[in-house]
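Protein chains: 2
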Amino acid sequence: MTAAPIGLEILARDGAARRGRLITPHGAVETPAFMPVGTQGAVKAMAPAELWDIGYRMVLSNAYHLAVRPGADLIAEMGGIQAFMGWKGAVLTDSGGFQAMSLASINKVGEDGIRFRSHLDGRAMLLTPEAAIEIQRKLGCDIMMALDECTRYPAEPAYARQSAELTARWAERSLRARTAPNQALFGIVQGSVYSDLRRTSARQIAALGFDGFATGGLSVGEPKPLMLEMAELSASFLPADKPRYLMGVGTPGDLLAAIAMGYDMFDCVLPTRNARNGCAFTSAGRVSIKQSRHLKDSRPLDEHCGCRTCASYSRSYLRHLYRAGEILAARALTEHNLFFYASLMRSAQAAIASGTLGELRRSMPEAADSEGMEEE
Amino acid sequence: MTAAPIGLEILARDGAARRGRLITPHGAVETPAFMPVGTQGAVKAMAPAELWDIGYRMVLSNAYHLAVRPGADLIAEMGGIQAFMGWKGAVLTDSGGFQAMSLASINKVGEDGIRFRSHLDGRAMLLTPEAAIEIQRKLGCDIMMALDECTRYPAEPAYARQSAELTARWAERSLRARTAPNQALFGIVQGSVYSDLRRTSARQIAALGFDGFATGGLSVGEPKPLMLEMAELSASFLPADKPRYLMGVGTPGDLLAAIAMGYDMFDCVLPTRNARNGCAFTSAGRVSIKQSRHLKDSRPLDEHCGCRTCASYSRSYLRHLYRAGEILAARALTEHNLFFYASLMRSAQAAIASGTLGELRRSMPEAADSEGMEEE
Chain W
1 MTAAPIGLEI
11 LARDGAARRG
21 RLITPHGAVE
31 TPAFMPVGTQ
41 GAVKAMAPAE
51 LWDIGYRMVL
61 SNAYHLAVRP
71 GADLIAEMGG
81 IQAFMGWKGA
91 VLTDSGGFQA
101 MSLASINKVG
111 EDGIRFRSHL
121 DGRAMLLTPE
131 AAIEIQRKLG
141 CDIMMALDEC
151 TRYPAEPAYA
161 RQSAELTARW
171 AERSLRARTA
181 PNQALFGIVQ
191 GSVYSDLRRT
201 SARQIAALGF
211 DGFATGGLSV
221 GEPKPLMLEM
231 AELSASFLPA
241 DKPRYLMGVG
251 TPGDLLAAIA
261 MGYDMFDCVL
271 PTRNARNGCA
281 FTSAGRVSIK
291 QSRHLKDSRP
301 LDEHCGCRTC
311 ASYSRSYLRH
321 LYRAGEILAA
331 RALTEHNLFF
341 YASLMRSAQA
351 AIASGTLGEL
361 RRSMPEAADS
371 EGMEEE
Chain Y
1 MTAAPIGLEI
11 LARDGAARRG
21 RLITPHGAVE
31 TPAFMPVGTQ
41 GAVKAMAPAE
51 LWDIGYRMVL
61 SNAYHLAVRP
71 GADLIAEMGG
81 IQAFMGWKGA
91 VLTDSGGFQA
101 MSLASINKVG
111 EDGIRFRSHL
121 DGRAMLLTPE
131 AAIEIQRKLG
141 CDIMMALDEC
151 TRYPAEPAYA
161 RQSAELTARW
171 AERSLRARTA
181 PNQALFGIVQ
191 GSVYSDLRRT
201 SARQIAALGF
211 DGFATGGLSV
221 GEPKPLMLEM
231 AELSASFLPA
241 DKPRYLMGVG
251 TPGDLLAAIA
261 MGYDMFDCVL
271 PTRNARNGCA
281 FTSAGRVSIK
291 QSRHLKDSRP
301 LDEHCGCRTC
311 ASYSRSYLRH
321 LYRAGEILAA
331 RALTEHNLFF
341 YASLMRSAQA
351 AIASGTLGEL
361 RRSMPEAADS
371 EGMEEE
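Residue numbers (the working numbering), protein chains in the order written: chain W, 1 to 376; chain Y, 1 to 376.
Chain W on its own, in the form it takes in the complex:
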């Protein structure tokens, strides 16, 4: 085997938390790192150069979505997903198992893979572990994810066990199907909310020769304490010298909690989706820009924020833009939220280096971690 396509340098530790540097074929990524979600090859409302300027060096995209439209062959012909997007940094693609399960009108999970119909044109498709690898090979992403079955919540223990075992068999097939030496491949731990299943799944996946390891199947509806418990349990079985990725999580508080467990990488639609719904993350908690109390508020979203939105626009103007349905509302709030998440990661990196992650976690306002949005 050639040299590993990615490497994680651990620069500092604070308890289980690690501050590191992930070396990818498309540059270095300081960790802990949040990856903005660019499902269809674009982070909604943002330009790639803006993501770069905020400090992001890796984004997430989705193999299922890109395979359905515009097609993996097209992207390969255009030079790969980074060139296609005009993105200078690294790209991790989710395999699309989650989307095949949640979006496709008809789907059936079998030993071979996931049978479904495209959510766009109803075309029958079969996503096997081998096909997911082949799609991601064509996309040319820096990090590929093995196809998994994202176990629904709630799931009976028997089903959850069967599902985690299927994911483990698919993990082995994914590794065998891999051909591109310059693309990393991560395995995914499942096991729903059952400690014994999580333990077994984590041991099985960790025993395989992946370049990194992800904890999946969380933030799918389970109570938050259970999510955190399962995330921590899963992490404890993952190799210390490889990157650990907690998929689909979460709020600022969740991220700091997971960083304290030793996770290095994260993705979540919260900062981008909430922005389009008028919700901003700030150092004083969440701000719902719809609220009438912002009507004549000439202050920025966050007086302690250094983003372009806070330097340029008042809450009053943002509220007007949101109510008027202007694209600039989505742009301004998305940029602010992604800046907030990037700053959070920089704070976490610095805190780990100085051994003060606990203090940082305690300074996070409760409101910022609340799942619910303030309502008008």
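In case anyone wonders, no lab produced these hints; they're calculated from the structure.
What you are looking at is a predicted structure, and each value in this text was computed from that prediction instead of being measured.
Everything hinted at is true.
DSSO-like, lysine-lysine: derived pairs with alpha carbons at most 27 angstroms apart:
| id | chain 1 | residue 1 | chain 2 | residue 2 |
| --- | --- | --- | --- | --- |
| 1 | W | K88 | W | K242 |
| 2 | Y | K296 | W | K88 |
| 3 | W | K290 | Y | K88 |
| 4 | Y | K88 | Y | K242 |
| 5 | Y | K290 | W | K88 |
| 6 | W | K242 | W | K224 |
| 7 | W | K296 | Y | K88 |
| 8 | Y | K224 | Y | K242 |
Go by the hints and put chain Y onto chain W.
Leaving out everything else, chain Y in the frame of chain W:
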């Protein structure tokens, strides 16, 4: 009377065409100038700083829309429309007569003004010439437009005459209602497509003490040769030492034609609206990004363009973004089109200075001037 709130320095002439500099309370605007349309206090899909970087120094907004939402008093309290938008340049506001006519569910034009119901909440409103001035005073725009009746096309001569006469009486009332010495006020010529009415209207409006003069009621459905004929006729009666503004026009070819007639200022939704519909203006004519021929086209929209869109994205990626409904498609195409229009104005300015406007007009590709979009 104090010094005029705006002044036009004529720097060069080429036939009837003028290359000038409009001095406003919010800075200088090189003319001929195109004003991007920011109806609701935002140019759709763009950030103010991007407009500035492209070279725009004046944008258009709409008094009717802003009065309905968020309200002129609110904007006054927030420091005026420029501060509210976070825009460093000048703002011209249309009075909203056109919108009151076209958007409001019930409207009736009488001697006093336009009675209508808000297109948002159905609230009964009466827009008088005095109210339009008062709203624009509160908005704090650099250039106010007098309330006019935008005569519908087609219009019978008798109705068109009556309408133009009403606009003339409203023009006098607008001037009397004006109180803010630091805001310019422009009058508007009507007269539909009838030469005698245009002549009369232009003479009447030109005789009044406006700071600038606009030709309105064109590009409302009449054949293009008639539009150009009426625009030229109207311009010939407008004072040579004041700015001349052709409202709501138009294609790149229309703009050059109107510049040759001696117009200095323009606004049109074409570059921004067409962008959101997937249509780009290029040096080789219009490009409809939807078309399947762009599927694997790695070239930019325009190989001779210096905009960020053309530096960053292939036609293939833009087509994907458009089909996927990504906001970045609207952003990228809008920025390109506004860059194209800004470049066109810079070319016109340079051509007038060097006496080569005729050559510039002949070099404009026919396709760029076509009203119709290419269809897939």
